[in-house]
Every structure is written in C-alpha cells, then in structure tokens.
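Could you put together the complete structure from these sequences and hints?
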Amino acid sequence: MTQGRLISIWFFIGMSLLVNGLIILAAGLYEYSHPPALDAQVVLFQLHAGVWWGGLLALVGGLYCWKYAPSRG
Amino acid sequence: MTLALVASSSSSLVHLHPVDMVIIVFYFALVLAIGFYLKGKANTGEDFFMAGREMTAWVAGLSFLSANLGALELMGWAGSAYQYGILATHWYWIGAIPAMLFLALVMMPFYYISKTHSVPGYLKLRFGEPCRIVSAVSFAFMTVLMSGVNMFAMAKVMQIVLGWDLNFSIWVSSLTVAIYVTLGGLRSAIFNEVLQFFLIWAGALLIPILGLYEAGGWGNLKILIAQRASEQYVHMWAGLGSFSTNPMGIHWTGIVFGLGAVISMGYWTTDFLVVQRILAAKDMRSAEMAPIIGAGFKMLVPIIVILPGLLGLGLLPMKLLPESQAVATHGYSYNDVLPLMLARYCGPGLLGLGITALIAGFMSGMAGNVSAFTTVWTYDIYRPLINSKGSDHHYVNMGRWTTVIGVLISVGTAYLVMRSASIMDYVQALFSFFIAPLFGTVVLGMLWKRATGPGGFWGLLCGTVSSISMWAWVKVDPTALRYVALSPDAKALAQDMYQALWSFLVCVTVTVVVSLATKPIPESALKGLVYGETDIPPIENVPMYQKPLFWAVIVAAIFVILNIIFW
Numbered sequence: 003m004t005q006g007r008l009i010s011i012w013f014f015i016g017m018s019l020l021v022n023g024l025i026i027l028a029a030g031l032y033e034y035s036h037p038p039a040l041d042a043q044v045v046l047f048q049l050h051a052g053v054w055w056g057g058l059l060a061l062v063g064g065l066y067c068w069k070y071a072p073s074r075g
Numbered sequence: 070m071t072l073a074l075v076a077s078s079s080s081s082l083v084h085l086h087p088v089d090m091v092i093i094v095f096y097f098a099l100v101l102a103i104g105f106y107l108k109g110k111a112n113t114g115e116d117f118f119m120a121g122r123e124m125t126a127w128v129a130g131l132s133f134l135s136a137n138l139g140a141l142e143l144m145g146w147a148g149s150a151y152q153y154g155i156l157a158t159h160w161y162w163i164g165a166i167p168a169m170l171f172l173a174l175v176m177m178p179f180y181y182i183s184k185t186h187s188v189p190g191y192l193k194l195r196f197g198e199p200c201r202i203v204s205a206v207s208f209a210f211m212t213v214l215m216s217g218v219n220m221f222a223m224a225k226v227m228q229i230v231l232g233w234d235l236n237f238s239i240w241v242s243s244l245t246v247a248i249y250v251t252l253g254g255l256r257s258a259i260f261n262e263v264l265q266f267f268l269i270w271a272g273a274l275l276i277p278i279l280g281l282y283e284a285g286g287w288g289n290l291k292i293l294i295a296q297r298a299s300e301q302y303v304h305m306w307a308g309l310g311s312f313s314t315n316p317m318g319i320h321w322t323g324i325v326f327g328l329g330a331v332i333s334m335g336y337w338t339t340d341f342l343v344v345q346r347i348l349a350a351k352d353m354r355s356a357e358m359a360p361i362i363g364a365g366f367k368m369l370v371p372i373i374v375i376l377p378g379l380l381g382l383g384l385l386p387m388k389l390l391p392e393s394q395a396v397a398t399h400g401y402s403y404n405d406v407l408p409l410m411l412a413r414y415c416g417p418g419l420l421g422l423g424i425t426a427l428i429a430g431f432m433s434g435m436a437g438n439v440s441a442f443t444t445v446w447t448y449d450i451y452r453p454l455i456n457s458k459g460s461d462h463h464y465v466n467m468g469r470w471t472t473v474i475g476v477l478i479s480v481g482t483a484y485l486v487m488r489s490a491s492i493m494d495y496v497q498a499l500f501s502f503f504i505a506p507l508f509g510t511v512v513l514g515m516l517w518k519r520a521t522g523p524g525g526f527w528g529l530l531c532g533t534v535s536s537i538s539m540w541a542w543v544k545v546d547p548t549a550l551r552y553v554a555l556s557p558d559a560k561a562l563a564q565d566m567y568q569a570l571w572s573f574l575v576c577v578t579v580t581v582v583v584s585l586a587t588k589p590i591p592e593s594a595l596k597g598l599v600y601g602e603t604d605i606p607p608i609e610n611v612p613m614y615q616k617p618l619f620w621a622v623i624v625a626a627i628f629v630i631l632n633i634i635f636w
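Quick note, the sequences are listed as chains U and C, same order.
Numbering follows my numbering, with no gaps: position 70 of the first sequence is 72.
Numbering follows my numbering, with no gaps: position 189 of the second sequence is 258.
Among the clues, some could well be false.
[Unchecked claim] With a Cα cut of at most 35 Å, we get these calculated DSBU-like pairs of lysine-lysine:
| no. | chain 1 | residue 1 | chain 2 | residue 2 |
| --- | --- | --- | --- | --- |
| 1 | U | Lys-69 | C | Lys-110 |
| 2 | C | Lys-458 | C | Lys-596 |
| 3 | U | Lys-69 | C | Lys-184 |
| 4 | C | Lys-184 | C | Lys-458 |
| 5 | U | Lys-69 | C | Lys-108 |
| 6 | U | Lys-69 | C | Lys-616 |
| 7 | C | Lys-351 | U | Lys-69 |
| 8 | C | Lys-184 | C | Lys-616 |
| 9 | C | Lys-184 | C | Lys-110 |
| 10 | C | Lys-184 | C | Lys-588 |
| 11 | C | Lys-108 | C | Lys-184 |
| 12 | C | Lys-351 | C | Lys-596 |
| 13 | C | Lys-596 | C | Lys-518 |
| 14 | C | Lys-184 | C | Lys-518 |
| 15 | C | Lys-544 | C | Lys-388 |
[Unchecked claim] Residues on chain U that point at chain C, a partial pick, calculated with CB under 10 Å:
| no. | residue |
| --- | --- |
| 16 | Phe-14 |
| 17 | Met-17 |
| 18 | Asn-22 |
| 19 | Gly-23 |
| 20 | Ile-25 |
| 21 | Leu-27 |
| 22 | Ala-28 |
| 23 | Ala-29 |
| 24 | Val-44 |
| 25 | Val-45 |
| 26 | Phe-47 |
| 27 | His-50 |
| 28 | Gly-52 |
FYI, nobody ran anything at the bench for these hints, they're computed from the structure.
Please read these numbers as outputs of a predicted model, since none were measured by experiment.
Glycine is no exception: its CB is placed at the ideal position from the N, C-alpha and C atoms.
In structure tokens, the structure reads:
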C-alpha cells in the first residue's frame with residue numbers, strides 16, 4: 003500500500019524487520035560458534051532460536067523491502 | 070493493574086548485551102526518521118488531525134488495535150493470566166470482539182457519514198454544545214493524565230526490568246514522542262503504531278512457541294497447570310456458574326453483561342483514542358473493514374499475552390506472588406511473568422527485540438493519547454470556546470503546540486505520580502467512570518430518534534456521577550461490594566464490571582425519561598446522525614468476499630468456536 007506519493011508504511015516495516023533480523027541472526031550465529039557457559043545459557047539454547055528466528059525476520063523484512071521499495075513506484 | 074505493575078523491586082530482572090542496545094537504538098532512530106519524513110505531509114488540518122483521511126482498511130485496522138496494545142497491557146494481562154488463568158482471555162474475546170463488530174457494522178456509518186473529527190464532535194451534532202463540552206473536557210483532561218501515568222509506569226517498569234534511571238526513561242520517551250507527533254501529526258502516530266504491531270509480534274511470539282515446545286504441547290501444559298494450581302485455570306466458562314468456583318470470583322453475568330455488553334462496548338466504540346484511527350480511513354468500506362480486521366487480530370493476541378502467563382504458571386520453577394508479598398519478600402510478582410519468560414528463552418538480540426517491543430508499546434500508547442488529546446483540544450475545546458475564526462493553518466499550529474504542551478503536562482503528571490503513587494490509582498479509576506455512560510449516550514443518540522439534547526446531557530452526567538458514587542461507596546465501606554458487585558467474594562475486576570453495568574443503566578434510564586419529557590428534535594436536524602434518518606450508501610460493485618458483513622460473520626463464527634474449544 004502506498005499513501006499517495008508517500009513511501010509505503012510497509013517499506014518501513016520491512017526495513018525494521020530486515021535490520022533487526024540480520025542483527026539477531028548474526029548474534030545467533032556467534033552464539034552457535036561460541037556457546038556461552040552452561041549456567042549462562044537460556045532454556046532450550048540447543049534450538050538456537052536466534053538463528054532461525056533472526057533468519058525468518060530478515061527474510062520477511064527483505065521481501066517487504068523489495069515489494070514496497072520506493073523505486074518500484 | 071498499572072499500580073501493581075510498578076511497585077518497587079530491588080534488582081533488575083534481565084541484563085542487556087551490547088547487541089540488544091543496538092536494536093533499541095535502531096528503533097528510536099527509525100521512529101524519529103519516520104517523523105521527520107512525514108513532516109512535510111502534515112500541512113492542513115485534515116492531514117495533521119485526521120491523517121488526510123486516506124488510510125487503507127489494513128493500516129487503520131492495525132493502528133486501531135495497536136493503540137490499545139501497550140506494554141502495560143501486555144505485561145499486566147500476562148500477569149493476570151498467571152493469577153486468574155485462562156479467564157483473562159475474556160478481556161480479549163468477549164471483552165472486545167462483539168464490540169469491534171458492533172462498531173464496524175452499526176456505529177461506524179454514523180461516525181463516518183457525519184464527517185466528525187471526534188466522538189465529542191459527534192455529540193455536538195447530535196445533542197448540542199453542552200454534551201460535547203462535558204465529554205471533550207473530561208476526555209482531554211483524563212487522556213493527558215493517563216498519558217502521564219503510563220509514562221511513569223513505563224519508566225518504573227524499565228527500572229525494574231532493566232535497572233534504567235527513571236528520569237532517563239521519562240525524558241527520552243516523551244521527547245521522542247513529542248518530536249514525531251509534532252512533526253507528522255496523526256499520520257506519524259499511525260505509522261508508528263503499525264510498526265509497533267509488527268515489532269510486538271516479532272519480539273513476543275517466540276515465548277509461546279518455545280514455551281509450548283518445552284511443556285510438550287497444550288495438553289501437557291493443562292496437566293502441569295492443574296497440578297500446580299487448579300483445573301479451573303484452563304476453563305473459560307465452566308467455572309463461571311458461581312462466584313466461588315473460579316479464580317476471579319466473578320459470575321458469568323458479570324462477564325457477559327458487564328464486560329461484553331457495556332465496558333467493552335464503551336471502550337471500543339466511544340473512546341476517541343481508538344476510534345480516531347478508524348475515522349482516518351479513506352472510505353466507508355475501509356472504515357467498516359478496519360475494526361473487523363482489528364477484531365481478527367485481537368482474537369490472536371492471547372497467544373502472546375495470555376499463553377506466556379499460563380506457561381509461566383506451568384513451567385517457572387519459582388512461585389510468583391501478589392505485588393505486596395513480592396515486595397516484602399524480595400520475590401517475583403505476577404506482573405514479572407512476561408519479562409521472566411523473555412529472559413528464560415531469549416538470548417542476545419532476541420532479548421533486545423523483546424524489550425524494544427515493550428518500549429514500542431509504551432511509546433505508541435503515549436502517542437495515541439497525545440494525538441487524541443490534541444484533536445479534541447483543538448476542535449472541541451479551543452475552536453468552539455476560545456477562537457472560532459482561526460484559519461486552518463492557525464489550527465494546525467495550535468495542534469503542534471498542543472502536542473508539545475500535552476507531552477509536558479504528561480511529564481508533569483509522571484513526576485506527580487512519582488511523589489504519590491496513589492494518584493495513579495485515582496486517575497485510572499476516574500478514567501473508567503466516563504466510559505460506560507458515554508456508550509449509553511452515543512448508542513442512544515445513534516439508534517433512537519427521540520433522544521433529545523437535554524436527555525443526552527443529563528443521562529451522561531447522571532451515569533458518570535453514579536459510577537463515581539459506587540466507587541466511592543466501596544472505597545469508604547468495602548462491605549458495600551456485596552451490593553455493587555452482587556457478591557462479597559468479588560475481586561476488583563468483577564467490581565469494575567458491575568459498576569459499569571449499573572452506570573450504563575442509569576445513563577440510559579435518565580436519557581430516556583428526560584428525552585420523553587422534553588421537546589423532540591426535528592427530524593430534519595437528525596439527517597446523517599441517527600438510524601432511520603440516515604441514508605447509508607450500500608457497498609456495491611465489490612465481490613462478496615470484500616464486503617464487511619462477510620468478514621464480520623467469519624470473525625464472529627471463529628469467536629464462537631474458540632469459546633467452545635476453551636469452554
């Protein structure tokens with residue numbers, strides 16, 4: 003949806019999800035390769051939620067950015 | 070509930086990593102960037118106060134829902150779910166869905182066709198100036214106070230959860246809100262509310278996913294809860310046949326008639342904070358579809374609010390306590406359940422996103438209050454009472470200044486509450502006094518031609534006074550609860566339900582009696598305002614699946630099925 007000549011709100015949302023997703027993915031991958039001490043791990047650490055959740059957010063955000071990019075009019 | 074949320078605690082619940090701070094800082098940068106980007110798009114009154122009336126159904130609907138989805142709401146109801154079990158879901162289903170559908174199908178046509186800027190504006194058209202002034206002054210006063218109360222509550226929660234300084238939280242959040250609302254007006258507030266909606270889901274959805282995985286599914290969670298609390302904690306209706314057979318001490322009549330028929334109707338159909346978002350819709354169909362879209366998503370909100378509370382009840386190793394006991398024993402309170410679950414599953418990055426979701430919720434609620442206050446002050450108080458001959462540009466400037474002043478009053482209120490926390494309790498109670506009677510006045514105005522100006526005015530006034538009187542009666546003599554809430558076992562939430570029901574009935578009765586005793590309003594003056602005198606244009610030339618009624622029926626059917634499943 004584009005509000006007249008405004009940049010679409012969905013583009014801003016896509017940007018937010020993309021940037022947050024990439025940061026979370028990077029933090030998740032770092033924890034995957036450098037696991038914290040056992041007593042510092044969150045519950046279900048072995049599922050590496052940061053990796054797949056961050057990846058999913060980045061993917062959805064990327065799709066929104068692409069679909070609602072200002073350059074696509 | 071807010072008061073309980075902010076009772077002091079000695080140490081922070083979670084500790085942020087640098088990567089979490091990056092996510093939080095990025096959020097602040099993004100909302101400010103949106104405000105500066107929209108600065109040039111808010112030059113006229115329609116742009117600044119009504120977002121140009123060009124929002125699609127999706128944007129208006131998500132904003133309508135988000136304005137109510139603040140972080141206190143999330144944390145408070147997660148705590149209530151821990152305390153009362155799945156009964157708390159009633160506030161999301163019967164306490165919202167019927168009212169949203171009623172707004173969409175019955176009331177929205179009158180709001181939209183009358184082209185009013187606000188709910189008090191509709192009352193002016195329907196009942197005359199006195200009714201508008203009573204409603205506008207009480208709304209403006211209470212809204213800006215509520216904004217301050219929420220601001221203080223946010224700062225206190227940030228202190229408890231993260232160990233942040235109170236002054237830092239108050240000033241950073243209020244200045245950010247002041248900047249982006251002053252620059253972009255309602256459009257900026259709406260954009261940020263939709264952004265907040267996505268951030269809340271992105272930040273909070275992992276808790277139920279991982280929680281259910283840990284518990285071994287919903288069936289196992291119910292067994293865990295039954296072992297640690299009672300089987301009644303996972304039934305929505307089965308224990309409501311008596312006041313004493315459910316954790317909330319409420320009877321089904323209170324839920325159905327007090328919550329479903331009065332409180333939720335009052336809030337979702339007449340509180341201008343939420344209705345303003347729908348008035349910004351681009352056309353009639355969008356205005357009707359927006360609350361239906363909001364209702365569809367509202368049914369899902371218990372997944373990220375109620376379920377974490379239930380998961381906390383079933384999985385957390387420690388027992389959470391009422392606020393007073395938690396403070397006395399340095400333990401954890403019911404209201405800590407959401408941050409505790411966040412800290413349980415979320416590592417670096419994910420934790421920052423969860424905290425950002427809470428901050429976004431706080432700020433968007435504050436922006437909603439401030440933008441609604443600005444509109445009501447400018448259009449319903451300043452223009453009719455102080456300067457009725459200003460230019461459009463003058464009123465936009467007044468709106469921008471009012472935004473800044475509104476935020477400053479909110480900051481002042483926040484510091485006032487800091488000195489005396491009991492003020493918060495009174496402000497919240499005061500706000501609830503106006504909701505139920507206002508619904509009686511508005512709905513009679515829309516559906517009953519014979520309702521007159523004096524009838525509307527005296528009905529609203531008497532309903533409000535009766536609500537205040539009942540609250541004061543119970544405050545002075547707690548045993549009066551057996552009369553007001555029909556049971557000495559009733560808890561605070563149950564009292565609210567019955568208090569609303571009685572004040573609504575007082576409002577309706579007085580309105581009817583006074584209207585019948587006064588001169589009817591000529592029918593020619595009611596066109597576009599009342600059922601039977603308004604030509605509501607039919608929504609044609611769209612397929613069945615795009616019609617509001619079609620989706621309202623689907624949402625209503627899902628609502629019934631969900632209540633049966635979790636009976």
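**Item:** Hints breached by this structure
**Value:** Those not satisfied: there are none.
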